[in-house]
Amino acid sequence: MKRHRFTTIEEVQQAHYLLQTGTLVARRKQGFYTIELFQLADCYLEVFRHTHFNVIIKVNRFSDTSYLDPYLKSINIRSVIS
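For the sequence shown, the numbering used here assigns the number -1 to the initial residue and increments by one for each residue that follows.
For the record, the hints were derived by calculation from the structure and aren't laboratory data. Glycine included, each C-beta is placed from N, C-alpha and C at the ideal position. Zero decoy hints are in this set.
Mimicking SDA-like on lysine to any residue, the simulated pairs with C-alpha atoms at most 20 Å apart in a straight line are: (1) Lys27 <-> Ser72; (2) Lys27 <-> Leu66; (3) Lys71 <-> Val23; (4) Lys27 <-> Thr49; (5) Lys56 <-> Tyr31.
Computed spacing ranges between beta-carbons, pair by pair: (6) Glu8 <-> Ile75: 32 to 38 Å; (7) Glu8 <-> Lys71: 32 to 38 Å; (8) Ile75 <-> Gln11: 28 to 34 Å; (9) Asn52 <-> Glu8: 20 to 26 Å.
Throw the hints in and build the complete structure from the sequences for me.
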């Protein structure tokens, strides 16, 4: 599945639901945004929040693991290894 951007109000509401059921994997900062990576059963969600206003600006959904590259250095896997 290619990257999908939620663009309508209904999609943002779906994203809120998915965030409640997903697992936070990593978090990073980029400019004025905090970007959170959530894993769901069959895909990932990338949630862009405005740092100052704490509102969701956009949500990307993807299953192609090549989009995980910006997060790989920050994901802690020690609990999985031990």
